[in-house]
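Chain order of the listed sequences is A and B.
Those letters in the first sequence? Residues 1 to 398, by this note's numbering.
Those letters in the second sequence? Residues 1 to 353, by this note's numbering.
Read the hints as simulated data drawn from the structure, not as lab findings.
As the structure is a computational prediction, the values presented were derived from the model and not from experiment.
Some hints here could point you the wrong way.
[What the hints assert, rightly or not] Covered stretches of chain A (in silico footprint by chain B; criterion: 3 or more residues with CB under 8 Å from a CB of chain B, positions within the stretch not fixed):
id: 1; region: 11-25
id: 2; region: 44-58
id: 3; region: 113-120
id: 4; region: 351-360
[Unchecked claim] Derived, one-sided and incomplete: chain A residues facing chain B with beta-carbon distance under 8 Å:
id: 5; residue: 200
id: 6; residue: 261
id: 7; residue: 313
Glycine included, every Cβ here is placed at the ideal spot set by N, Cα and C.
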Amino acid sequence: MSKRVAITGMGIVSSIGNSVEENLNALLQSKHGISKISSIKTRHIDEIMVGEIDLSNEELIKQLRLPESQNYSRTALLGVVAAKQAVENAGISDINDCRTGLISATSVGGMDMTEKYYYQYLEDETNHKYIGGHHAGDSTHKIAEQLGITDFVTTISTACSSSANAIMLGARMIKAGKLDRVVVGGADCLSKFTINGFKTLMILSDTYCKPFDNDRTGLNLGEAAAFLVLESDEIVAKENKKVLAYVSGYGNANDAFHQTASSDNGEGATLAMQKAFKVSGILPEQIDYINAHGTATPNNDLSESIAIQRVFGSKIPDLSSTKGFTGHTLAAAAAIEAVYSILAIQHNLIFPNLNFNTAIAETGIVPVTEVKEKPINYVLSNSFGFGGNCSTLIFSKN
Amino acid sequence: MKNCYINGLGCVSAQKTTESGFLDDIVFYDTNILPVINPNYKEYIPPAAARRMAKGVKMGVVASSLALKDAHVEVPDAIITGTGMGCLQDSEKFVSAIIDNDEEFLTPTSFIQSTHNTVGAQIALGLQCKAYNFTYVHSAISFESCLIDAQMKFNEDEASTILVGGVDEHGKHTNDLHRLIGHIKKEEVGSADLIHSNTDGSIFGEGAIFCTLSDEKTEHSYAKLVDVEIYSQLSEENLESRIKTFLEANKLSIDDIDLVVLGNNGDVTFDSYYKTIEEGLFKKTQQVYYKHLSGEFNTASAFGFWLASKIIKEQEIPTLVKINDQPKKTYKNVLLYNQYRGENHSLVVLQSC
Numbered sequence: 001m002s003k004r005v006a007i008t009g010m011g012i013v014s015s016i017g018n019s020v021e022e023n024l025n026a027l028l029q030s031k032h033g034i035s036k037i038s039s040i041k042t043r044h045i046d047e048i049m050v051g052e053i054d055l056s057n058e059e060l061i062k063q064l065r066l067p068e069s070q071n072y073s074r075t076a077l078l079g080v081v082a083a084k085q086a087v088e089n090a091g092i093s094d095i096n097d098c099r100t101g102l103i104s105a106t107s108v109g110g111m112d113m114t115e116k117y118y119y120q121y122l123e124d125e126t127n128h129k130y131i132g133g134h135h136a137g138d139s140t141h142k143i144a145e146q147l148g149i150t151d152f153v154t155t156i157s158t159a160c161s162s163s164a165n166a167i168m169l170g171a172r173m174i175k176a177g178k179l180d181r182v183v184v185g186g187a188d189c190l191s192k193f194t195i196n197g198f199k200t201l202m203i204l205s206d207t208y209c210k211p212f213d214n215d216r217t218g219l220n221l222g223e224a225a226a227f228l229v230l231e232s233d234e235i236v237a238k239e240n241k242k243v244l245a246y247v248s249g250y251g252n253a254n255d256a257f258h259q260t261a262s263s264d265n266g267e268g269a270t271l272a273m274q275k276a277f278k279v280s281g282i283l284p285e286q287i288d289y290i291n292a293h294g295t296a297t298p299n300n301d302l303s304e305s306i307a308i309q310r311v312f313g314s315k316i317p318d319l320s321s322t323k324g325f326t327g328h329t330l331a332a333a334a335a336i337e338a339v340y341s342i343l344a345i346q347h348n349l350i351f352p353n354l355n356f357n358t359a360i361a362e363t364g365i366v367p368v369t370e371v372k373e374k375p376i377n378y379v380l381s382n383s384f385g386f387g388g389n390c391s392t393l394i395f396s397k398n
Numbered sequence: 001m002k003n004c005y006i007n008g009l010g011c012v013s014a015q016k017t018t019e020s021g022f023l024d025d026i027v028f029y030d031t032n033i034l035p036v037i038n039p040n041y042k043e044y045i046p047p048a049a050a051r052r053m054a055k056g057v058k059m060g061v062v063a064s065s066l067a068l069k070d071a072h073v074e075v076p077d078a079i080i081t082g083t084g085m086g087c088l089q090d091s092e093k094f095v096s097a098i099i100d101n102d103e104e105f106l107t108p109t110s111f112i113q114s115t116h117n118t119v120g121a122q123i124a125l126g127l128q129c130k131a132y133n134f135t136y137v138h139s140a141i142s143f144e145s146c147l148i149d150a151q152m153k154f155n156e157d158e159a160s161t162i163l164v165g166g167v168d169e170h171g172k173h174t175n176d177l178h179r180l181i182g183h184i185k186k187e188e189v190g191s192a193d194l195i196h197s198n199t200d201g202s203i204f205g206e207g208a209i210f211c212t213l214s215d216e217k218t219e220h221s222y223a224k225l226v227d228v229e230i231y232s233q234l235s236e237e238n239l240e241s242r243i244k245t246f247l248e249a250n251k252l253s254i255d256d257i258d259l260v261v262l263g264n265n266g267d268v269t270f271d272s273y274y275k276t277i278e279e280g281l282f283k284k285t286q287q288v289y290y291k292h293l294s295g296e297f298n299t300a301s302a303f304g305f306w307l308a309s310k311i312i313k314e315q316e317i318p319t320l321v322k323i324n325d326q327p328k329k330t331y332k333n334v335l336l337y338n339q340y341r342g343e344n345h346s347l348v349v350l351q352s353c
């Protein structure tokens, strides 16, 4: 099990930019992408803040040169844009020159079209082409088609940890020698379904979210897609590939506490981090930066803080949540934060935790609030989802 | 490479599969929607808890507890669930409530249940299982993705028993839409004649099929899971060569295969894939199918997996699943092939142990 998993490409679209460079610039300038909802027709238009991508479906369809007959959900459109960037960034000219797979993650799938045409489908045939695009595997299938990947293609949906699990599965497939290259990540668009769902749970902030702040009031939702290209040592050596970073560790555990709330002692999160260290073979003190899940809900940030204290003791590494920039992008969150973790390693930078004022009384953890330069060799990234699903990824420079 | 054995099974389906016996009292349906035969949920779930549970969760809890009990395992080292649509009824309930009430007066219950990993999460919660918990949601290969993951977990020395399952429930609105676009047959054919219907579309079912996998063989073992592969795209022309390559990689020839379990769903357009190998590679091999018993759904292939495992253990083939009639023999190596509407193909090899 000493095989390494190299990251040779990445791509991203989020509310702070439509490319890796744009995202990096926004992070460096502390420029967030949160605003009042503008592209979705909802009665909550003036009360809810979200992270929207500034490209309309029409613009995305044009950019991708899709035919009139296309039946892409916004999730699929965003996913294809980010996945194509990742493949291009990895300098791949023939995607099938080795065994290549695709593992994507989504929670909302084609719900944006379903909620739009739900009853209209019964009345006329105009939009029937979208019916088959509802299920969660559809966006993945379309990304695979666009990339030319025909064999191993699958989708993971474990709520807000989904794309961490897609990255984890991809890394395991490379290590197991089942694939030579795998495109991994996730995509989720905004929808009335998720906006209203989180609203009924009363965990949406009515202003800019404040991760790890004592007075945090909830999360901002966002939409995004991000993908990484993972390749085996053999492919990297054979093609003399530039490696951006490595997937060094990963772990998934279940909190087994409550369907939507995290446990008071952060049990699942603690187990996930411990498993990731075991796979990675490094010690907690070697972590230079934690990209926290940090959704800014009262429950998550306290539970995660306690778990981090359990794992790291009194020596807690520099930590920030980037959710203040992008909002919580659900199944895409771990993938976009993987991109930010890799950027942190490449540029020896820590990105700030926005909107922080006062440390959580119970834990006193103070996140990094300004861009900070320092050597970064190891980044730990957490992602937790409904159903107690807790995942941790560790990225490394070497 | 570690071995992977099927040590326990649990199946909630449109057949009497939670009772004793092996498909000896088959239920046929006149409609194109096959509901599951509900087990006595009270035997498995306290009534107060059951009232809050989605149908998929209830079916999943029953099938998983049967599979664990069958294998004499209390808490597995991982739970891996496949579902095409998750708890679909709650998704429909939440979408229609949003539209009908113009985004007002909503409650979170159906939103929470609609999350795809609810079944796997609720099983974990019930068992207090803090282990690895993944959910695959990729149409017809959702269940097979779980099998691939489980095999790797054994090889990583991360688990010695894994609960794997496939679960999908009917959603009325979704079924209505699938009838409109012809994925469900427009005419009612009767499940008994499904394979000869000669029309487009299929009949839809639901169910929960779980198995307990282990890296150790026991006296209860049904079969050994040898290998699994999935293909997003595969043409009819390339199907036979793909099968040969897959078998060769497992040091098996066509003649080594004693039984093929096929995913025919009565759709005249796409059953041609199965026809290719029924009349080609496996012309002289015993062939069986099962979707006339289970109905078609995203994880219906898990019913085929259940069927194959039972046949290997019992060494007996229920008459009503036979496509052709070959002389009885020892069923040692079994190949499963499934696809849905020409996409998301899977090959699985099981072996007696």
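Worksheet item: Looking back at the numbered hints, which does the structure fail to meet, lowest number first?
Response: Numbers 1, 2, 4, 6, 7, in rising order.
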